[in-house]
Amino acid sequence: MTSADRAAATTVTAPKSIWLDEARPPPLWRRFAHHRLFMTGAIILVFMLALAIFADLIQILPPEKMQVRLRFQTPTWAYPLGTDNYGRDIWSRLVHGARLSLIIGLAVALATGILGTLIGVLAGYFKRLDGFLMRFMDALMAFPAILLAIAIAAALGPSAINVVIALSVVYTPRMARVVRSTVMVVREMDYVKAAKACGARDRWIIWRHVIPNSMAPLLVQLTFIFAYAILAEAILSFLGVGPPPPTPTWGSMIAEGKDYLREAPHISLFPGIAVALICLGLNLLGDGLRDVLDPRLRVQYG
Amino acid sequence: MAEDLLRIENLRVGFGRPGREQLAVDGVSFSLAPGEVLGIVGESGCGKSVTALSILRLIPDPPGRIVSGRILLRGQDLSGVNEKAMNRIRGKEISMIFQEPMTALNPLFRVGEQIAETLRVHEGLSRAAARARALQLIAKVGINDPEQRLDQYPHELSGGMRQRIMIAIALACGPQILIADEPTTALDVTIQAQILVLLRDLQRELGMAVVLITHDLGVVAQVVDRVLVMYAGRIVEEGSVAAVFERPSHPYTRLLLESIPSLDGQQERLRSIPGMVPSLSNLPPGCRFHPRCPDARPACLERAPALFEIGPGHRAACIAVNGYRHEA
Amino acid sequence: MIQFILRRLLIALPVLLLVSLISASIMQLVPGDPAAVIAGQNASDVEIALIREQLGLNQSFPAKLAAWYGDLARGDLGHSILLNRPVTQAIAERVPVTLALAGFALLLTVAIGLPCGIIAAVRANTWIDQAVLTFALIGVSVPNFWLSLMLIVLFGVMLDWLPAGGYIPFADDPVGWVRCLILPAFSLALLQIGLLARITRATMLEILQQDYIRTARAKGLSSFSVIAKHALKNVMVPVVTVIGISFGLLLSGSVVIETVYSIPGMGRLLANAIFGRDYPMIQGGLLVTAAVLVLLNLAVDVLYAVIDPRIKYDQR
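Protein chains in written order, with our numbering: chain A, 1 to 302; chain B, 1 to 328; chain C, 1 to 316.
Hints are not guaranteed to be accurate.
As the list claims (entries may be wrong) - Residues from chain C shown here face chain B by an in silico Cβ test under 8 Å; the list is partial:
#, residue
1, 219
2, 230
3, 233
Stated by the list, open to error - Looking from chain C toward chain B, a few residues come up when the C-beta cut is under 10 Å (computed):
#, residue
4, 88
5, 122
6, 123
7, 125
8, 127
9, 211
10, 216
11, 220
12, 223
To be clear, the hints were calculated from the coordinates, so they are not data collected in a lab. From a predicted model like this one, the values you see are computed outputs, not experimental measurements. Even for Gly, the Cβ is constructed at its ideal location relative to N, Cα and C.
Only chain A is shown next, with the shape it has when bound in the complex (with noise of 0.2 Å):
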């Protein structure tokens, strides 16, 4: 085992009742409720998520209106967050960056984990796959991942779909590695045994042994990637490989704000603040996820 195996697989273990008495657990849904990390970081989801969806409700201008007698405004009453370099309206971008930012993480997230979930279940499986899949998978990861991200949007050109293959192509290896680790525990369970002994076909043993089992750190992982996702966006958009203008992102409206940090600096500051936010959030979910579904993950992901 190389290194990143050993990242991967430190404490999946097999699995033993974690319930002291022999009374059953709480229902799932209820052990999610009670978990005040996991709640605090779903209602800042469901907060921005409500930011994303009601834009253009919410917004106060149009985010491409520019006012240029109103430029570099500090927080007002009529401008919450203040107007930028344009004249434009702080709040009203930050909501339809919002809008953008959620699509791509989403979007990465499911194609991350949709990808990463076949070669994962693929290489964990079938021993014959795994060396060459994994030597595969570990040459991209060889690359740093925000250069991989860069080169590979520079190449395809500005534009958020192209966003999110290049983040995809990014993320997938990582989820394959950790749904292979999980896959090769499952893979020695005895269930999976009893079901080999009864000559189930590998298809039906994937199906419905091993991939349902595999859930639990595969959802926490595409938590935490989700959460990558919008960070590295905002990287790309920073420098100029996300979608153009005139989208705001709130990568690109951090890099519009750089060149007036002195007199103006609330113009990179909230948008931010704003990735900072839904990216605790996110991490928050991912947590909490973990510690009801899984508390023996801990170790893994820290």
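Based on these hints, arrange chains B and C on the given structure of chain A.
Coordinates of chains B and C only, in the frame set by chain A:
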């Protein structure tokens, strides 16, 4: 009694929030004379391990805590003692070995080093001197080729050998009391016998007192002088091994002895004790054993019986015993 | 041990091969004609043809690949279009800078993250624990480039304690070197600090439950000894894992940080190359970066084997 090496008085150990603990050990009292081998028997969950760990104050707090009672080592109350003084007792006056030799040794340190550590900490030996002593100890616990084993890591040794190393660590500083918590349970049967013989021989040679905790009555019969039978946090019977094995008085003890399959004699059906050990949160009223007891009667629900002397040094806590009186 | 290292190298080779293959193929990814893009909109056909010749775009892919590997064997990574210098030379100048930045950041990560994680675990469920967890959570959520900007505003503009950017080589002015690197290193390290603190804490909590810790206590070792000697060594195994992951994240993050703070390192070199369509530089730079990461991971694996004697027996 003044010669008691160790005396436990009314020990109560609980888990949970202060004021609302569940008692794993509920009013246990016993004494240990120098050189005596005491066995504590009972099913899983009866509180025997918790009792042992409490003697050395090894129960993590939270969630566990000694709620009340005294632990007296040569007359000195250990509950008033601070952590630093307690550390001087652990490993030196009282040593303990545990059930799982596979995980009880630190996997990243060599075996000889783990023995030498005790010697350097408690007896101030130099590295070289401690290493030499460790070598002697490894030989003493019956491991062949001690020079080679000294520098090996735990994963290079078998379970039986690891348990021998544990014993070497425990005996390194010549303790007066050795507490052995199910030392053979996790080992293969043949190795079990070897370890028990080793423990018995070492005990005779060094004259130390031993508290042997086990759920295996066969082990008790081989090694132990006196035995305590525990159930659901309380002692239900105590006495010499001869007395308890030949004249078991508490129904639980009798059922335990009957459930041992015999190799000689007729082939009968295996007998087991019906029911399960009660959970701490759901203890039955009165005598804790009555739901599973074949001799239960209505009076058993009213009051939990205290230990009553039924013979010289032989006590049992059951109202069905001849001439039982609650005030004993 | 030698066998172990050799076995690991053997596994690393196919990965390196794939890495070089991917690097070499980057140019093929670009839709359209790379030569035309480089030449610009007003270039004549002659100029475009010249560039195409220069880049070797007229050769077939296998021929190009052979030429690429041939050059590689001689240490020639090509000629940078933007900088008009050999790629190897440009990289050699920038690598020490990025290493300094990443090294400083790694130092901060271990110096802050490790103790915080340990203390949080030992004092679990107290206010110290909550504080560490909160700080770690924030560290993991905050975008580092934004933090850099805010730090520049705070320390560079408002308080004027530290320079807002630029780089002074250590040889020229050691103090200045440190002052230049504090803010960037910290921005870069914050995410790793959070990650390390959390993982250390979780691992430590697990270790403290282990039987061998109970044995150590039963031996009468002081609390300090138990943690500093027995627990700590066991914590190092996953910590080394995190440090290995951190290398990749640090090199990744340096791209943005170097851009924000105007530090002439590898990250900025590569970023500019990507934007300027400097394909030889992109190829060479990506290859070097990835190769360094693969070798660093190899070093981490060896470090594992040194710490944990069980690893050498692990045949996988």
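Evaluation of the provided hints:
1. The interface hint given for residue 219(C) is met, as the beta carbon of that residue sits about 4 Å from the closest beta carbon of chain B, less than 8 Å.
2. With its C-beta approaching chain B no nearer than about 5 Å, residue 230(C) sits inside the 8 Å limit, and its interface hint holds.
3. Below 8 Å, beta-carbon pairs count as interface contacts, and residue 233(C) has one with chain B at about 5 Å; its hint therefore holds.
4. At its closest, the beta carbon of residue 88(C) sits 43 Å from a beta carbon of chain B; the interface hint therefore is violated under the 10 Å criterion.
5. Interface restraint check: residue 122(C) against chain B, minimum CB-CB distance 12 Å, threshold 10 Å, status violated.
6. Nearest Cβ of chain B to the Cβ of residue 123(C): about 12 Å, over the 10 Å cut. The hint is violated.
7. Look at residue 125(C): its Cβ gets to within about 8 Å of chain B, closer than 10 Å, so that hint holds up.
8. For residue 127(C), the suggested interface contact is broken, since its CB lies about 16 Å from the closest CB of chain B, more than 10 Å.
9. The beta carbon of residue 211(C) is positioned within 10 Å of a beta carbon in chain B (closest approach about 4 Å), and the interface hint is therefore held.
10. A least Cβ separation of about 7 Å between residue 216(C) and chain B falls short of the 10 Å threshold, and the interface hint therefore holds.
11. Given hint, residue 220(C) at the interface with chain B, holds; its Cβ is 4 Å from that chain's nearest Cβ, closer than 10 Å.
12. Taking 10 Å as the C-beta cut-off, the interface hint given for residue 223(C) holds, the closest approach to chain B being about 7 Å.
Violated hints for the displayed structure, listed by number in ascending order: 4, 5, 6 and 8.
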